[in-house]
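Work out the full structure: start from the sequences and follow the hints.
The listed protein sequences correspond, in order, to chains H and R.
In case it helps, our numbering puts the first sequence at residues 1 to 443.
In case it helps, our numbering puts the second sequence at residues 1001 to 1443.
The hints are simulated quantities; they were obtained by calculation from the structure and are not laboratory data.
Take the hints with a grain of salt, since some may be wrong.
What the hints assert, rightly or not - Subject to a maximum C-alpha distance of 27 Å in a straight line, what follows is the list of computed DSSO-like cross-link-like pairs (lysine-lysine):
| id | chain 1 | residue 1 | chain 2 | residue 2 |
| --- | --- | --- | --- | --- |
| 1 | R | K1427 | H | K87 |
| 2 | R | K1098 | H | K427 |
| 3 | H | K209 | R | K1209 |
| 4 | R | K1427 | H | K98 |
| 5 | R | K1427 | H | K78 |
| 6 | R | K1423 | H | K87 |
| 7 | H | K423 | R | K1087 |
| 8 | H | K98 | R | K1433 |
| 9 | H | K423 | R | K1078 |
| 10 | R | K1423 | H | K78 |
| 11 | H | K427 | R | K1087 |
| 12 | H | K433 | R | K1265 |
| 13 | R | K1433 | H | K433 |
| 14 | H | K265 | H | K301 |
| 15 | H | K28 | H | K40 |
| 16 | H | K98 | R | K1098 |
Stated by the list, open to error - If you want the ones that stay clear, here's a sample from chain R, every Cβ over 12 Å from chain H, calculated:
| id | residue |
| --- | --- |
| 17 | R1050 |
| 18 | G1062 |
| 19 | L1072 |
| 20 | K1159 |
| 21 | R1166 |
| 22 | V1186 |
| 23 | D1266 |
| 24 | E1277 |
| 25 | D1305 |
| 26 | Y1315 |
All C-beta atoms in this analysis are idealised placements derived from N, C-alpha and C, irrespective of residue type, glycine included.
Protein chains: 2
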Amino acid sequence: MDEVESKASEARIAYYVLANLSTESKNKALDKIAEAIWAKRDSLLASNRRDGEESRRLLARGDISEAILKRLQLDEGKVGGMVEMVKSVARLEDPIGKTTYAVELDDDLELYRVTTPIGVISFIFESRPDALSQIASLCLKSGNSVLLKGGSETKHSNKTLYEIIRDADTSLPAGWIQLVETREDVRSLLSHDDLIDLVIPRGSNSFVKYIQSNTSIPVLGHSEGVCHIYVDDLADLDMAVRVCFDSKVQYPSVCNAVDLILIHKDVAGSFLPALVERMETRNVEMRGDSLVCDVMGDRVKALADTDLGAEYLDYIVGLKVVDSLDEAVSYINRYGSHHTDAIITENPEAAAMFMDYVDSASVFWNASTRFADGYRYGLGSEVGISTGKIHARGPTGLEGLTSYKYYLKGSGNTVDEYIGDNKREFKHQPLGKAWMNKKHRRI
Amino acid sequence: MDEVESKASEARIAYYVLANLSTESKNKALDKIAEAIWAKRDSLLASNRRDGEESRRLLARGDISEAILKRLQLDEGKVGGMVEMVKSVARLEDPIGKTTYAVELDDDLELYRVTTPIGVISFIFESRPDALSQIASLCLKSGNSVLLKGGSETKHSNKTLYEIIRDADTSLPAGWIQLVETREDVRSLLSHDDLIDLVIPRGSNSFVKYIQSNTSIPVLGHSEGVCHIYVDDLADLDMAVRVCFDSKVQYPSVCNAVDLILIHKDVAGSFLPALVERMETRNVEMRGDSLVCDVMGDRVKALADTDLGAEYLDYIVGLKVVDSLDEAVSYINRYGSHHTDAIITENPEAAAMFMDYVDSASVFWNASTRFADGYRYGLGSEVGISTGKIHARGPTGLEGLTSYKYYLKGSGNTVDEYIGDNKREFKHQPLGKAWMNKKHRRI
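The structure is reproduced here in structure tokens:
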């Protein structure tokens, strides 16, 4: 048994207890964890400085960028933010133990479908240490054990933060949170579909792609966010400029920023000059097809084949003229990544067509693509954004960390009674009540 | 582009149309398909006789069993059953276009989560041809395209049935249903996670296991159903005998039949003689641990290590004495397949403990394990029973063939307004309405 196997096995045993904790116990534990992080912030910041020193050596050698170095640095304000985030998870509604289906199958035979945790969740991240406390909190609130693996640039911070959470003054079952540290551990982890139920990766496209193609464990997340806006012939063009500008420049390095704008041919002549002028105020590099270049000249570069389906994560945007809404929809379904796509139009028919036929997790009408986010959607803290259609799709909150099970309460019922000549018939009557409260919880 | 690739691509294009069909169009198509199957029953029965002749040659060589040969044979009555099944899918509620979350994010910014199909579903089956018409109907009703691969023993029946459905007098988009026929096609199919969204296998344990471990496409189903009953010290012992007997002999060759019965030590002496006597009436082979054998002598064989976690699919059952409910729960979580497990007790506390701590898709109190089934659960026709916890768990109906997407309706909203000093706050008010009706449907 290697290290990952023993840690995942411990996590699975802890999960059986965690799955049945009361909401009160879980919230109390979250508050204790928040307190512990704040109380031990000096030790966390010291570890983070150590990461910083090692990373500066990597920076000097050109192995990492200044931006990465800056992103991994914590200060007291950022630790305060982490603490608030943990506390906010305590205030979220408990997703576990909810009855979502209740049917009387027959007299004295009642069926209930009740939400449960999933089991052991592995969170593999390249990003800042605050992702660790966020996902650990969300797993705890949803009754799941968690197996963490962070990036090597923040290994000291991750280890200290993990120890603070593990050792906080809670009555949680030992082993519910686990940390693995080496690359070999990741390989082992991805092979254990017998012990790990779900992997959540957070990092660069190539990192997420690597995870997705090297495990048979279900993965919740997305590698690419290739987002489009289609400016319809019946668009309010001032609105279109405003929404396109926000979708590109408000935060260009994230998955829900727009990558390519499709423009109906009838409005290209009037829309393009206004859009280009606005984009130029923030030095956005624009790449247009030949029709766009005809209108805008050398203010716009030429769009290459490699730009189709490209995710820029930068101040770059593609521009393309289309003959019709149908062409826009086909283009998006072919080149997009099924993440978030928007239409700007005053025509409700066109909006409905676009939104129904574009096969993406989020489809927007007259709004910035940047709204695609769990917090903005009112889902609470975001677990991730999924571009897959199985289990969870789009921005995913706590609900994405749940499964369910069926509780059947009988009175000695046998299936034999429902077979043959004098067989009983099922009633299948909705029951207007939830599965009973659980009074046996041990903690 | 190989054959699977071109067929799956055609299916994907058809899916974009299928996804947006009205309920009425889909139901009309189902009725037309049902009519076509009945009208062309002679041709289907002729193909089935050809399969029968080829299979009899295999039987003569000992390559297949008499039971398999019998199972694949169709007659007019069975075709009538298939037709009724297709019609019954038309009567099921349409799972697509349902608003499951509706929130006003801010003034004139409304978010709706609406159920959608998944895309292209592949159904790979070893079982009888009626599985083909069942899954094709369920995919159609849920707006999914379907790529079928049946067993070679019924290849003529499958092809004819596929052609009848494909050529029925409907206005469905060409390509929505596809058939592939060779083993090489299966290998190609399992590699195309870019074109196929979900695989549903139906067949033997080893067949399902092979599919699960040879694809990165999500798989809906289960390989094993290792089911347990725990007879508590506070059980009604007459009820326990009745339920155990039904769980074993009512239909032993299916996944939800009981494999091992755990008996609390305090009732073993009185329960075992009654149980064994009842099981002997149907010649059930019983295999007990040493305590059971002490009580029952050579009426019970010895339980071997290989019996722990075994799925018998036959008139065989394991018997084991335990010291406590806790031991029963631990045993089941270790050796079970998380399918269906039951407790027999008059003690509600014990029932709640058992049902909460046993980590299975279905947990029953005083009822036969044989109730674990989509039709009995009132879910309509069953797509499959999942022992995984991602997407769908337990008996799964039409809902398992759905995903969802987020519709956001704005008025030119930008994220920039929600950032900085004078930022707007989100309202996140529930909206008491559904996403608008779609009037643009093309068919």
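Next item on the list: Would you pick out the hints that fail for this structure and give their numbers low to high?
Entry: Number 12 only.
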